[in-house]
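Residue numbers (the numbering used here), protein chains in the order written: chain A, 1 to 294; chain B, 295 to 613; chain C, 614 to 1129.
No lab work stands behind these hints: they were computed from the structure.
The structure displayed is predicted, hence computed values, not measured ones.
Do not rely on the hints blindly, as some may be mistaken.
[To be verified] No farther apart than 20 Å at their CA atoms in a straight line, the calculated lysine to aspartate or glutamate pairs in the DMTMM-like style are these:
hint, chain 1, residue 1, chain 2, residue 2
1, C, Lys997, A, Asp58
2, B, Lys306, A, Glu130
3, C, Lys1015, B, Glu475
4, C, Lys1004, C, Asp982
[As the list claims (entries may be wrong)] Pulled from the structure, derived: some chain B residues nowhere near chain C, Cβ distances all over 10 Å:
hint, residue
5, Leu381
6, Leu394
7, Ile574
Even for Gly, the Cβ is constructed at its ideal location relative to N, Cα and C.
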Amino acid sequence: MTAISVDILPPTDTALRRARRWLKSDWRAAAALAYLGALLLLALLAPLIAPYSPTTQDINAMLQDPSAAHWLGTDDLGRDTLSRLIYGAPISLFACLLAVAVGLTLGVPVGLCAGYLGGWVDAVVSRVIETMMSFPGIVLAIGVTGALGIGLINAMIAVGIVFAPEFARLTRSQTMLVRHELYVDAARSFGASPARIMLRPILPNALQPVVVQTTILLAIALLVEASLSFVGLGIQPPYPSWGAMLARAYANMDIASAQMYPPGLAILATALAFNALGESLRAVFDRAGRSDAV
Amino acid sequence: MALYWGLHWALKRILHLAPVALLATFFVFGMLYLVPGDPAVTLAGENASVQHIQEIRTLYGLDRPIVVQYADWLGNVAHGNLSVSLLSGEPVASEIAHRLPNTLLIVAGALILSILIGVPLSVAAALRPGSRFDHWSMAVASTGVSVPSFWLAMTLVSFFALDFHWFPATGATALSDGVGEALRHVALPAVALSANGIATIARQLRTAFADTLAAPYVRTLRAKGLSPSAILWKHCLKNVSVPLLTVIGLLANRLFGATIVIEIVFAIPGIGSMVVNAAINKDFPVVQGAVLVTVAIVIAINLVVDGLCRVLDPRIARA
Amino acid sequence: MRLTETQKAAITRRAMMTATLGALTAASVPYGALAAQKRGGILRISYGFQPTSLDPTFGRQGGDFGFLYPVFETLVDWEPQSLQPKPGLATSWAFPDPKTLVMKLREDVVFHDGTPFDGAAAKYNIDRGLNDAKSAVKADLASVERVEASGKHEITFHLKRPNIALPGILSDRAGLMASPAAMEKFGDGFARNPIGTGPWAFVQWRDNELVSYRRNDYYRIKGLPYLDGIDFHIIADANTGLRSVIAGENDFVQSLSTAQKPVVDKSGLAYTFSTSQAMFPLWLNYAKGPLADIRVRQALNHAIDRDAYNKATALGLNEIAWGVFPKAHWAYSAGVDKAYLYNPDKAKQLLAAAGFANGLDLSMTGPTDQRSTQRQEVVMEQLKAVGVRIKLTALSVNDSIKAFFYDKQHDMLLILWGGRADPSATYDALFSKGSPFNASGVEPDGFGDALAASQAVPDLKQRAAALGKVAQIVSDNALMVPLVFDAQYNAFTKAVQGFEPNLFGRMRLDTVSLES
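Make the full structure from the sequences, and use the hints.
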């Protein structure tokens, strides 16, 4: 066996250094991460940052244009739009994370098993995945919500169920690629059980496309939550989700069209950040993948 | 000979797809048991009398094994019987028949717009790799994928329908009432819906084009003196038709979902607004019927896409 | 689309036979503009509701009436501004004794399917209302023991107890007359094939989309209707509906929110804005949990700032509700006015006295549309200020009604009350212990007697006094939290002529015509 050159990587290269190099070279990823970080901070510190409570009404200040007192104006009950936007961040973020978490929890193990075990398990799982992917996600989410009852958590669990086949399919194809690698054979020759093999050598190596897909699905989950809240199947009043704010702005569109923009732009910016992050990660993993091919 | 292979392929595809389609219908049927509580109450409606609930239980044979119930239901569906709405008593099948054309018109319009704008955009970007145009168009495309289409719809309504009166703000008219009017009604919804489609096609195809343009045989063609655009149109188009068709299949699925909220914004009587109202009002047969039809259409579209892919690129057929 | 040839032939035969009698008994309806208004045209209406049923006896919501009045008529008609009974399909009525009501019916009326309207047909309808399992008017007819067709064109009601309010009740849903032949023929399908005696005949109903009617050429009032037909386009969102009228896609939009006034004013559309007896209360289940304590209910009444609610939800243009009837109604009782002025301190005191010094938790339900959400949010915020924490479960209209009245899962409900033709019937429906609209299932002491007293005297002034006593009991016991009366706000193009709003707040199109 030829000696593998060991000076490809600097001797003190750490994950942190690699990450810093990546962010320096890719300004889009850096911007996206900065935005998401700020959003997370906003979400966690909402009560400290927001100028008003999101539910306090001021009947004498309904549907006002932006002013010094209300930077983004007020809605039709005199509630400060900026504060509602800020308090809406944790709710929207929670919704995306819940949906994706459900999707990952359901999809990744199924994909792992199908890809590793093969045979009839794989055949059955593949058929089920293909079937579920022919259901347009939001239709299924609405149908499930209609069955289980209105509410944000039910809705996002439904969305998570819709995401699961995508994760399963990705994990499965990655597992099938990886399972023939040398280190898997090595583990098997040590007598490791299938479960151990799936968890230890396979899963970490199969995760890269899953990570990319997670960011993309976070963006989609955000849009779906906005849609569901818009049609009335999402969060219950008076909590401010960005989708619910859009619905109220739509109801007042003829009188105060400016109210549409803060929540719409917030959704757009956040989804954009998720998507940009996903693309950058994909590019990084592609490059890393190619350099690994000896 | 070609006919034989064609039939052989068709049969193989159907055999491969049959379990998926069957499984899909079984899932749709199974939604009944997803609803908490007694399935008979779900089907009879919550305000039904005890006697009526018992009637429904006997009528649908809800005491029998699930597989038997499923077979019965499937038989009914095959005959066009999708049960009746719990709220209004209108047969679900006829409601769908009225509303489906409105939805299809919007989805088709959005698809066509996406192709008409997305393909040239991706070609232009692929021909100028790394240029400012390339970066900017891809940035715009990224935005297009991230924008909530119903918000875009709201802004379009605000400008074009209310301020300028160019397009109608609401509703839909049947094609029979005049193609021009129908198209006017479809314009804003289709545009709102197409933003995502244009962006997706532009991005996917640009990558596909860039990859083909980098291929060795293209270098040969360039050496022979062919301009990049000539190469693209004559030689590469065939190679990207497969990714294009795949994206179209994916888009069809996504558009059917996104059109739901668009229909609500524009008050269009389509499948989307039907399923939302039914879900809010727990009108189960309508929800079930709508999901079934949507899934059937998506599976059909993917079947066609798959077939066209194999025709265009024989390499896939051998895989 | 017009009536089929068979229908027309059937009606013509009947009409010719009864025409002479009809000429003698025709009620003279004072439509002053009869000569001046144009005939013709299809009125396109943007309507915010889907019918729950086109069967008059089985439908459950007030929004249905817009769909029912074109097709069906009531035994007793009502004056638009006072809701007082006047002849409809019945020409006259009398109480020979307090427990018997005799009604004489018109002799020249045919249903849209050609069958005659007579005593037997009227009896069939009332029996159905009394006995059918799905009847929504059983409670309204609770005082009726049985009805008989005492003549070819006469029916007699035998009552269990005196009820002067019965003619008023028969001007409401219970009095809508449908064709028995059609009901026999269609069975359950009648809900999608309604056949009545009204100015228009039903043509089609496309779910959540369109309900169409076309002229009844053989309508009993000659010269009416003006309109050739009516198309209801079901557009749930009032803003979208208004936009459709501004854009010229529809001619008429009903039930606008007062908040839309700036848009209507800018658009140049014609409109009507008038009081109605439709009211928004906070319905209370006063047998449930903390609400069983009268101090809690009084606290809720003091905690609400009705003026602020009015300003937030209706630009301050609706009439504040202290009792069940608006000032324009003859049964309005000034005695309960301002009984519970806005006083958050007093509310907190009352709650503390009831043992809730640290606040209490209540559950509320209501519809999910944006306007309802806005109302809920105002109320929730006002109650929060006195320590009442509300957990809201927003559902579809049907589900919220079911959850509150039948399943009794919630303490409060915020939804519109459409009212009844007769004030005694109103109190009966709202607060009698057996009524489906009384979630608590109990009534205060003395309520039953006071209500019966109001149903026993014929003189309007005396009835008003008796009803005032009922109002006092309701107010003293704080059985609900009345908020505002919902003004009826409709907008239409200038081509629409002759539309008359009414105190009911229900849409009647008999007098409407379209200039071309």
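Do the hints match the structure? See the list:
| no. | hint | result |
| --- | --- | --- |
| 1 | Lys997(C) - Asp58(A) | holds, 14 Å |
| 2 | Lys306(B) - Glu130(A) | holds, 16 Å |
| 3 | Lys1015(C) - Glu475(B) | violated, 42 Å |
| 4 | Lys1004(C) - Asp982(C) | holds, 17 Å |
| 5 | Leu381 | violated, 7 Å |
| 6 | Leu394 | holds, 13 Å |
| 7 | Ile574 | violated, 5 Å |
The structure fails to meet hints 3, 5, 7 from the earlier list, while all remaining hints are met.
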